[in-house]
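> Listed below are the residues making up each chain.
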Amino acid sequence: MRDDSNQRRLTRRDFLAAAGSGLVLGPAFLASCGAPAEPTAFVPRAAAPPAATYFARFGVDEALMSRVLGEALARGGEYADLYFQHEVVNYLALEDGAVNQAYARIKLGCGVRVLQGDQTGFAFTEDLSPEALSSAARTAAVVANAAGVPGPAAFARGAPPNYYMIDQPWSSVSLDRKIPFLDRANAAAAAFDKRIVKVRVFVSDTESRVLVANSAGGIVEDFRPMTTAYCTCVAEDKGRREENYHSFGKRRGFEQYSDAVMTELGETAARKAVVLFEAAPPPAGEYPVVLAPGLSGILLHEAMGHGFEADFNRKGISVYSGRVGQKVAPEFVTIVDDGTVPNERGSLNVDDEGQATARTVLVENGVLVGYLHDLISARHFGVAPTGNGRRDCYMFPPVPRMRNTYMLNGPHDPAEILRSVKKGIYAETFSNGQVNIGAGDFSFYLKNGYLIEDGKLGRPVKDANLIGFGPKVLEQVQMVGNDLALDRGAGTCGKDGQRVPVGMGLPTVKCGGISVGGVNDG
Amino acid sequence: MDERSMRDLAGRAISEARAAGAQDARAFVTRSRDVTVEWRDGKLDRIRESTAQSLSVSLYVDGRFSASGTSDLRPDAVAQFVRGMVGATRTLAPDPHRHLPDPARYAGATQADLQISDPAVATVAPDARLADARRLEEAARAGDGDGRIVSVTAGVGDTEAAWVGMSTNGFDATERSTSFGRSIEVAVRDAGDRKPEGYAYADACFAADLPSIEALGAEALRRADGQRGSKQAPTGSYEVVIENRVVSRLARYLFGALAGEDLQQKSSFLEGKLGARIGSELLTVTSDPHLPRGLATSAWDSEGMVTSKLPVFEKGVVKTYFLDTYYASKLGAQPTTGEWNNLVWTKGKRDAAAMIAGMKKGIFVTDFTGGNSNGTTGDFSLGIKGFYVEKGAIAHPVSEMNLAGNHLEIWKQLVEVGNDPWTSAGNRAPSLRFKKAQCSGT
Numbered sequence: 001m002r003d004d005s006n007q008r009r010l011t012r013r014d015f016l017a018a019a020g021s022g023l024v025l026g027p028a029f030l031a032s033c034g035a036p037a038e039p040t041a042f043v044p045r046a047a048a049p050p051a052a053t054y055f056a057r058f059g060v061d062e063a064l065m066s067r068v069l070g071e072a073l074a075r076g077g078e079y080a081d082l083y084f085q086h087e088v089v090n091y092l093a094l095e096d097g098a099v100n101q102a103y104a105r106i107k108l109g110c111g112v113r114v115l116q117g118d119q120t121g122f123a124f125t126e127d128l129s130p131e132a133l134s135s136a137a138r139t140a141a142v143v144a145n146a147a148g149v150p151g152p153a154a155f156a157r158g159a160p161p162n163y164y165m166i167d168q169p170w171s172s173v174s175l176d177r178k179i180p181f182l183d184r185a186n187a188a189a190a191a192f193d194k195r196i197v198k199v200r201v202f203v204s205d206t207e208s209r210v211l212v213a214n215s216a217g218g219i220v221e222d223f224r225p226m227t228t229a230y231c232t233c234v235a236e237d238k239g240r241r242e243e244n245y246h247s248f249g250k251r252r253g254f255e256q257y258s259d260a261v262m263t264e265l266g267e268t269a270a271r272k273a274v275v276l277f278e279a280a281p282p283p284a285g286e287y288p289v290v291l292a293p294g295l296s297g298i299l300l301h302e303a304m305g306h307g308f309e310a311d312f313n314r315k316g317i318s319v320y321s322g323r324v325g326q327k328v329a330p331e332f333v334t335i336v337d338d339g340t341v342p343n344e345r346g347s348l349n350v351d352d353e354g355q356a357t358a359r360t361v362l363v364e365n366g367v368l369v370g371y372l373h374d375l376i377s378a379r380h381f382g383v384a385p386t387g388n389g390r391r392d393c394y395m396f397p398p399v400p401r402m403r404n405t406y407m408l409n410g411p412h413d414p415a416e417i418l419r420s421v422k423k424g425i426y427a428e429t430f431s432n433g434q435v436n437i438g439a440g441d442f443s444f445y446l447k448n449g450y451l452i453e454d455g456k457l458g459r460p461v462k463d464a465n466l467i468g469f470g471p472k473v474l475e476q477v478q479m480v481g482n483d484l485a486l487d488r489g490a491g492t493c494g495k496d497g498q499r500v501p502v503g504m505g506l507p508t509v510k511c512g513g514i515s516v517g518g519v520n521d522g
Numbered sequence: 001m002d003e004r005s006m007r008d009l010a011g012r013a014i015s016e017a018r019a020a021g022a023q024d025a026r027a028f029v030t031r032s033r034d035v036t037v038e039w040r041d042g043k044l045d046r047i048r049e050s051t052a053q054s055l056s057v058s059l060y061v062d063g064r065f066s067a068s069g070t071s072d073l074r075p076d077a078v079a080q081f082v083r084g085m086v087g088a089t090r091t092l093a094p095d096p097h098r099h100l101p102d103p104a105r106y107a108g109a110t111q112a113d114l115q116i117s118d119p120a121v122a123t124v125a126p127d128a129r130l131a132d133a134r135r136l137e138e139a140a141r142a143g144d145g146d147g148r149i150v151s152v153t154a155g156v157g158d159t160e161a162a163w164v165g166m167s168t169n170g171f172d173a174t175e176r177s178t179s180f181g182r183s184i185e186v187a188v189r190d191a192g193d194r195k196p197e198g199y200a201y202a203d204a205c206f207a208a209d210l211p212s213i214e215a216l217g218a219e220a221l222r223r224a225d226g227q228r229g230s231k232q233a234p235t236g237s238y239e240v241v242i243e244n245r246v247v248s249r250l251a252r253y254l255f256g257a258l259a260g261e262d263l264q265q266k267s268s269f270l271e272g273k274l275g276a277r278i279g280s281e282l283l284t285v286t287s288d289p290h291l292p293r294g295l296a297t298s299a300w301d302s303e304g305m306v307t308s309k310l311p312v313f314e315k316g317v318v319k320t321y322f323l324d325t326y327y328a329s330k331l332g333a334q335p336t337t338g339e340w341n342n343l344v345w346t347k348g349k350r351d352a353a354a355m356i357a358g359m360k361k362g363i364f365v366t367d368f369t370g371g372n373s374n375g376t377t378g379d380f381s382l383g384i385k386g387f388y389v390e391k392g393a394i395a396h397p398v399s400e401m402n403l404a405g406n407h408l409e410i411w412k413q414l415v416e417v418g419n420d421p422w423t424s425a426g427n428r429a430p431s432l433r434f435k436k437a438q439c440s441g442t
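The listed protein sequences correspond, in order, to chains A and P. Residue numbering for the first sequence follows the working numbering, beginning at 1 and increasing consecutively. Residue numbering for the second sequence follows the working numbering, beginning at 1 and increasing consecutively.
So here's chain P without its partners, still in its complex pose (with noise of 0.2 Å):
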């Protein structure tokens, strides 16, 4: 499907609502084409190629609201769907809550190039794609001199995507982006039947911006023989450095305790703290959705509305909650937006390993495993692995420990922020070091 195709099926599709009766309505078209090649152990695993498109409606009949998708894509199943949907709105409970956003949200979207769009995906050959899966697998393989290597899989592929959106109140944009990802994973023994696993991946908007091959290849078996031997550590309260690429699983029951829904629900510990200091000076976190090649780079939320700068962590203080329009009416408040996009956080001075150097005992975070957290009062538990550190030295490796908390008062502890922001995602957070913390193992 051409976009010409997608803009005539979303224009179809709201003529569809209102011709049913729908007041209003917005329609979204998606369209992506995803190819990945795995390499395993010396051949090909699996070659994946998919191309999906879906319309989604969402639709506002008499002062009711629905939702729905759909990748059915016949013009007849779209109008019977299309009128299905406005029909069944009809006998929901009306909701005063339920509008488009305001038409001046529209307008204005940044006219800079945000450079989420690698021409360079078009001309991706498929030979290419195997040769990296290859070289990737015997980059791992090449540091691998006494087999202790049990298997390797190595990951390449390209996504492209688009969509457009239109709304009866005058939405209509259209946004394009690509993505590149490697990713590897080695398991090698271990005492007794352990194969631990190290990993290593990237992602980026443009194939040029990936770190080499061999380093990630490199880098994906130096993790694995790091976990080799690992133990737990005693039970106690440690000085804990988390490394840059999962900060965002402990960090995003904070964000996500930002959110409209949740505060309105009265389900997020940040009720009641706009403007209100919940951790330290060294907190400082903006969202960016221009930032050009960012993994969470758009013009448009998934409203319509333009997107903007806006400050989430001042030193501590919190400065945003993320309000759609919905939750905003509902909360008695202007919206700014449901998502946030790229998360920009102050840059320190070291990276992980000089934070480490430094450190006379605790604990390194390098993954989290399973755990959860309570969204209502910040009580969090998580897993965790890593390195056990003394005297600013790697002791042994440590798994089968938690690290558990309360989000209110975890981050008062953060004394640190590294100078190694993540790219890989849209939370490009650095690695941080936090003074105390409750680790449990034995």
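In isolation and in its complexed conformation, chain A is listed as follows (with noise of 0.2 Å):
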């Protein structure tokens, strides 16, 4: 018996950071070391008392929370944490026309972290029971080893802003009122050519609450909604097949869902695989790129936003490390990461740390000018921690992770960028890329394009990785546009075997040194 995959198990690689970290598209503390960062971190604080956690429910009370903080210090360590989830994940699928698979995951847990310096000590249990938790507070507590320190003697809760106002709170939506919004895709795809075989649409809900408690004394809770929609559509015509897919992933409720949206999703997955009929492999090789707005921000997130994460940076082995302050861009390139974009899928209220989550300007006009930051590696740069220490589920301590990450517009106008180019590659959709952090080198996977000939788009291309030196890329970026659009899409980031949710975007952008990983005939 095995889990899902046929991967059965993880192998011991998976639990390594350096290498390969990736996307996937579709489907104040230590106030000793200096660090500016507010001791007890989580504000702006709430004025009015503080009402019962969410996991009061569950018997975590600020006594017990106290007593496994102090427990988690017992062998020193400069700091605590306790990250407390419950997760609710619904997941429906049509297939071969009938809404006839639904899926549940329930995870409730609580990770018990403690540092020391820059080491991490962690372990995690899925029983709230006092015991266990002091138990997994004692293992935590083996990577330090001096004199114990208390818990804290009264906790202060935060009151972080709501990036994620929803109207319709999954927990209130029962499964049949999804139905029709699924049966609504498929009859759309179907409806779009007749060359559409196979529809299979998914759509997912999530509430998480989380409550993040430290030794430093500070609460805070959030609530965190998404929903993902696929639909994915296989074509036949005169015995060749093709396979293409849609998405979008919001932090939203069921408010996200109408005819219009489900029609759209449909839609786009039937046009993006019947497209492909007329499309081959590119011609191989290395020629300009330009990028089209919006889902293209998989180049930002592989390029250079990895390489951007000050974990790899504290331990010197980003392409990256020391350059802060220097050019690595044209100065009309300025490329944020954001966490406060409402609803977007990247966005946070709080980081996994508990720390607030704000626009992290990364590359202004063309000079780096920060990393994304966790609080390890805030306190080893002697910084403020951006917000963007993430986690997959409890069952991981945080590292530092993107949001939502975009370029700004710049002063091309995107028609003109089109005809700069004598020969290229117009990229428009991707599945998935990949980077190699020190090495630099990156790749993304262009599922639908068009060649570019004297200016203007020529036949459509297809399944071709394209690969780069991403330090050399971002310099040499040739022309950015004005036409800035966030992906829809729902993207998931993967580093240090953990998975999490993210945003990107990117307008109309001009690149060269991108080899083209398609055949010679094409």
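Note that these hints are calculated values from the structure, not bench results. Glycine residues also receive a C-beta, built at the ideal position from the N, C-alpha and C atoms. Mixed in with the good hints, there may be bad ones.
To be verified - Simulated restraints on C-beta separations:
id: 1; chain 1: P; residue 1: Pro234; chain 2: A; residue 2: Ser420; range: 45 to 55 Å
id: 2; chain 1: P; residue 1: Thr442; chain 2: A; residue 2: Glu416; range: 20 to 30 Å
id: 3; chain 1: P; residue 1: Arg141; chain 2: A; residue 2: Gln476; range: 29 to 39 Å
id: 4; chain 1: A; residue 1: Val261; chain 2: P; residue 2: Lys43; range: 46 to 56 Å
Two chains, each in its own frame: build the complex with the hints.
Spelled out as structure tokens, the structure:
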């Protein structure tokens, strides 16, 4: 018997960080170190006296949290935190014309972390009894080796802003109300083109409750909704077959769904599938690539974003290590990582260390101005945390991760960008990407695009891996359009064996130095 | 949770499902304990210890189906969860193809000792993990005479896992397994800001089967060094050797196309190819679920059907589709099993180094980086790293290149399989040599 994949067991390598971070689309603490961060962290504070936390229903109160934090610091250590999570995911699937599969997953647990310098002790438990929490705390404590520190005498509750206002929480929506929307996408895809022979629709919704309590006496809670929808279409024409998909992902409730949204989902998936009949892999070799707005933000995510994550930089292994303050791109390039975009997939009210999120500028007018931090790296570099400490779930300690990463508008007209290319590729949709942090080479897989011939779009192309050296591609960005779009798809980033939802975006951008993995006779 | 509690929980879940109106149900209770120590640049970096436990249930209610899992194992929560899911299942469309496996498929599980559980897992001392991780880093640093190493992270860990499975039509089994792993990543200085990484790893069911710490550490440094000064080779058609440990990155799309789900959903380039030749004579692969100490060894599959040896490819001919009960029913075929186990390839005479020594001009692929494959057409394009080979010798390392083609073509180009099966994965592929493949660079 196995889990749901043919990767029967995770290889040990999955637990290590550095190589091969990637993305799949589709489907104040430590005052002693001089960090400017406020020791008790979770600002702003609530003025009113706190109500009971969500986790009180599991028997977790402040006295218990204080005791467990004390046990986590029983062998010393500079900081400890508890990450409680209760997550309910529902997943519905339509296949062969009927919504006939439902899946649900409930996760309940608590991760206990102890930090000693940049060293981490971590354990989790899925039993929230006082005994089980104490046992996890004692396990995490082994990282330190000094005199014990008591847990906080009192807690102050953080009151973060809300970047994901919703109308209809998923816990109030019964399964039968969702079914018509899957049927809607299926009908739209099937009606779009008679060559569509198979349609599948998947809709998932998630409600995750998290609570972070730390040894500096901070407590903060967050309620995180999410929904994703995918439609995949197989088309058949004269004995040939093609398949493609379309998706969206948002921190929204049931109000995200409408006939119009699902019709567009189904029609777009169908359109992206049938256009592939006219497409062929592009010719192999190196030529200019024009990135369409939106999903092409995958280039930023892979070529630069991972390299800006501060864990790789404090270890000195990123290709961008030691380059803060240097020019890394033309002056019309500004890149941000933004946790505050309302309802976007990568947005967070607080990160998984309880820190406030922000719109963090990474490259400003071509100059690298900072990295993406968690508490460990912020302390290492003596800067304020940026709210990028994220984790897959309570089973993992947090590491610096992107949220919504995008490039701001530049000075060029998109039509002018296209006209400037004699022979090249116009890259529109992608399925996945990857980067080697230290070597700096990154790749992303082109699913739909066009040849550019004499400044105009030519025949459609498909199925080519695009590869380049991140710093060189960034330095040589040739033109940036004024048409920034955020991708609406369901992007998921993998790193350190952990998956987190992310967003991305890009205006039309012209790049050089990218090798196109096509075929000669394309 | 001990095995008895696991059995109680699975039994309770089945009873609850029945009481709530499910005609059939299957429950799995799993438990795994994992300890990982990461040692970086002279000190402990992270220590992680965890015990995960979960219940998963498949429900068959009035001709309808759902499958769910939870880690909230409080008795009241379990009862509420199962009852809630039985109710939700009733609102779905009926599906005549959903049913439990034929109970005859549960019988006759192998009685052989599969050796997938090493008793040594219970006696690993915490200090021993730390000492091993430290030695692993030191083994890599021992080769660093000139300070070119930027950072080393070494990991040592072990896992023990167990599951109990039961169904309303007679499935009742339990299995325990262990795994031990070591891994190391080394980053070295190169021109400009480049810091190429090399990694080495090993996984095994039994601790005693792991390679030596010294060899693993030295290998990671050698691999990082090997990538220094990498550049692209010219775009062209080359003879290509793919190193054993990364063959599965290309081959997984080939095996994936044998899955019942993809076949039934018309998204497999191997549809209609059962019995047809799609590769060269050298493509012979067997799925062996009973290989002692194999990382994909198991007496049962994920539906509880007993496993048996299956020919997957024989001299390039497709011999098996992987059909679980559901997709077999949809396709009007008999179920085989929904997943493969240890993939054992025909063994050749030489290893990768010997193949390279015999190559006039070509590419030796040692790693893949990104890329994908179109499951419907078989077109693929994958990023590669490795070496440009001329006259039997390595000329220079390559990176930022792609390997592209179609699965229905490239496996016909397979001209040699190595004698060096990779044992740290379920797919025990040897190094492979292809006569001709498209590589793009400059």
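> Hints first: check each against the structure and report whether it holds.
Verification of the hints:
1. P:Pro234 to A:Ser420: 45 to 55 Å: Violated: the Cβ-Cβ distance is about 27 Å, outside 45 to 55 Å.
2. P:Thr442 to A:Glu416: 20 to 30 Å: For P:Thr442 and A:Glu416 the Cβ distance comes to about 28 Å; the hint holds.
3. P:Arg141 to A:Gln476: 29 to 39 Å: Because 36 Å falls inside the window, the suggested range holds.
4. A:Val261 to P:Lys43: 46 to 56 Å: holds (52 Å)
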